[in-house]
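Participant: Chain residues, written in single-letter form:
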Amino acid sequence: MQAALRLDGVTKRYGEFEAVRDLSFQAEAGRICGFLGPNGAGKTSTLRMILGLVAPTAGRISVLGADDGRKVRAKIGFLPEERGLYRRMTPIGAIAFLAGLKGVPGGEARRRAKNLLEAHGLGHAMNRQIRALSKGMAQKVQLLSALAHEPDLVILDEPFSGLDPVNQQELETMIRALTTRGATVLFSTHVMQHAERLCDQVVLIAGGRKVFDGAVEAARAAAPRRLILEGALDPAQVAALPGLAELTSERLEDGALRVSAVLAPGVPAQDALRAAFAKGLDITRFELKEPQLHDAFIVLTGGEIGA
Amino acid sequence: MSRLLRIAGREYAAYVRTFGFWLSICLMPVGVIAAIGAPLMMERGAPVINVALIDLTGQAYAPRLAPVLSQPGAGGRRVVQVVAAPLSGADPAALAAAARPYLTGDQTLAGGAKLDAVVILHPDGQGVAADVWSRNPADHAVEGRVGDDLADLMRHDRLVRAGVDPAALSAIDAVAPKVIGYSPKAQGGRIGAREFVQTFVGFGMGALLWMVVLTGAGILLNSVIEEKSSRILEVLLSSASVPEIMGGKILGVAAVTATVLGVWLSIGALVLARLQPQMFSLLIQVLLSKGLLIYFGVYFIGGYLMYATLFTTIGAFCETTREAQTLLGPIMILLSIPMVFMGQAMLHPDAPILQILSWIPPFTPFLMAARAASGPPWWQVIGTGLLMALMTGLELLVAGRAFRAGALSTARFEPKRLLASLFGSEE
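Protein chains in written order, with my numbering: chain A, 1 to 307; chain B, 1 to 427.
Some hints here could point you the wrong way.
[Said to hold, decoys possible] No more than 20 Å apart at the CA atoms, straight line, and that leaves these computed lysine to any residue pairs for SDA-like:
1. 71/A to 229/B
2. 75/A to 229/B
3. 114/A to 81/A
4. 135/A to 229/B
5. 75/A to 236/B
[Unchecked claim] Partner residues are not named here, just some residues of chain A that face chain B (Cβ under 8 Å, in silico):
6. 64
7. 80
8. 82
9. 97
10. 100
11. 298
12. 299
Simulated from the structure, these hints should not be mistaken for lab results.
We treat Cβ as the ideally placed atom computed from N, Cα and C, and that holds for glycine.
All chains, please: the whole structure from these sequences, using the hints.
Facilitator: Below, the structure is given as structure tokens:
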């Protein structure tokens, strides 16, 4: 599959500060790529370099076949992290204006703006001034303005921030819909649940460096599986079960003990369960917790989450 | 190019749709009419000055002075009415004390009229002195007229006493030379109304340019600050190049100011053509002669581009107008310099200081526009114009980089960061 976006050894320095260090990855066409990292990891700097807003200090970037994002800006849709629109413009006017800047003729831009607004439940507000809209509605207008020119590459910087759960769900649907018409989506976030649900590929960066690049499943595998056991347990007996390590325990209100342990890679959970029954352990709960992207993120970024 | 025009169109529409735009369109002519008409109305509506003359000279100055004082003069002279003095005596100090209640309003003349001034004429050495007591200490109209008219009478008396025949004296008074002004720069050599208009056209062009450039640059500054603070600039930067964004905004605001200016000038021209058709025709002749309109166009473009680029770049670094104030203060001081010297340009367009200042690009558009009507040397016109173009080009070149750095920055505005971006040490 052809890469819509390729970064090769990209570095960005601001004076003495190195925001991005030797970053390489590629995003395949028609796929959703999550660009993950804690705050200050270098995500926004990278996105700005991809867009051609700032030049890399070193390395090469290829965007939709061009060596500079500015050369293909009409094919890129961009939603910045900090959002804003002309407060006195109407949604239809704002979307049509920004689509016009991307090369869509005036009449066609207005038609698309109208259709998009109606399709996303904003038809009734299309001629109101944006300052009269709710924050969620205004954010949706801005997202639509990034999509009205039907871009081949959509770059969304923290698109879910500030949205309520209903609008977050709707945004997920919109992002999925983009790939059905062949667009590539690159979005940055530090909220792993969205990436987990949406992404075909995730790129994790921390401290300006890439720490992971691959499928969500592969990222999850970087974090350990955990076993949860509850009952009238003796921690020493649990520790003797095959494949368990790093045990932690806590006493529950009913007097039972809850033990949490890391399950060694490659060891089936059934082995531990079988051994527990064989030893006659009084178990009321036995649960295998597969790692989430969030866990992988913490492991891979060295615990920098939430910085 | 189409992106630039779209940005310009949005900028233009954004301002034209505001209430403030239409208010400024309508209020300016009203303001001009008020500024011209108010003093005239005040002058015409000013009450008659009631003056009492008390003559202690024994030389009958009061009866001769009264008709002269009462003559309606030209040039907006206030109407003076000499009334019968309500008091009498021989001591100036006692008369002054007696006049006080009339002047403070405690007493009125017969019929209830107020007395505005009391003039006490008394001997002073070989001449005559006049003590003028007025109700309003700020109004020197009576003082001035008594001084002038009394001096004429005193000179007349002296000459008659010296043996000059009064008839000959009247004839001598009527003698006046016929003075005609000529200048090689005047049309046909003779200085006339055309040259008078020309002098003021130069000043008017410079002042108008100053006002228009500053208004446009101010609009741009606020527009960019609004876009920066509401995070629209980053979206624009991902959709258009920096020259397209800056060019579009500058062009859009230029169209706004040109619209306002066009409406104001059209209204002004209509009013002038209706009230003073000869003056209007003369004004048009002056504007069309010597390429004054071309001068105005060139200096408008140069001056506007120079200041609009500067203000747009400053705006990209500021989230609030308060932040912008730190730089606007010094710039406004700089901009007040040509205003001070533009008045001088009317009378002394070739003064050395004006010639020197004309070579400083930030002042060139205003001072050269003000001097244009006097026909400055061609080498100065070309030289200062080239320097202005060079400065504007250089500014446009470095402003793009600074604008991008400012637009993407989220840090608080610091002048040193602006300077660093101008010289390429910060992105």
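Participant: Please go over all the hints and tell whether each is borne out by the structure.
Facilitator: Structure-based check of each hint:
Straight-line distance between C-alpha atoms of residue 71/A and residue 229/B comes to about 27 Å, which puts the hinted pair past the 20 Å bound. Between residue 75/A and residue 229/B the CA atoms are separated by roughly 27 Å; this puts the pair beyond 20 Å, and the hint is violated. For the hint linking residue 114/A to residue 81/A, the alpha-carbon distance of about 25 Å lies beyond 20 Å, and the restraint is violated. A distance of roughly 16 Å separates the Cα atoms of residue 135/A and residue 229/B; the hinted pair therefore holds under the 20 Å criterion.
This hinted pair checks out: residue 75/A and residue 236/B have alpha carbons roughly 14 Å apart, not beyond 20 Å. Among the interface hints, the one on residue 64/A is violated; its C-beta lies about 14 Å from the nearest C-beta in chain B, farther than the 8 Å criterion. This hint holds: residue 80/A has a C-beta 5 Å from the nearest C-beta of chain B, less than the 8 Å allowed. Checking residue 82/A against chain B by beta carbon gives a least distance of about 4 Å; that is within 8 Å, so the hint holds.
A least Cβ separation of about 6 Å between residue 97/A and chain B falls short of the 8 Å threshold, and the interface hint therefore holds. Hint on residue 100/A holds. Least Cβ distance to chain B is approximately 5 Å, under the 8 Å limit. Proximity of residue 298/A to chain B is violated relative to the hint, the smallest CB-CB distance being about 27 Å (cut-off 8 Å). Here the hint on residue 299/A is broken, as its CB sits about 31 Å from the closest CB of chain B, past 8 Å.
Of the numbered hints stated above, those contradicted by the structure are hints 1, 2, 3, 6, 11 and 12, listed in ascending order.
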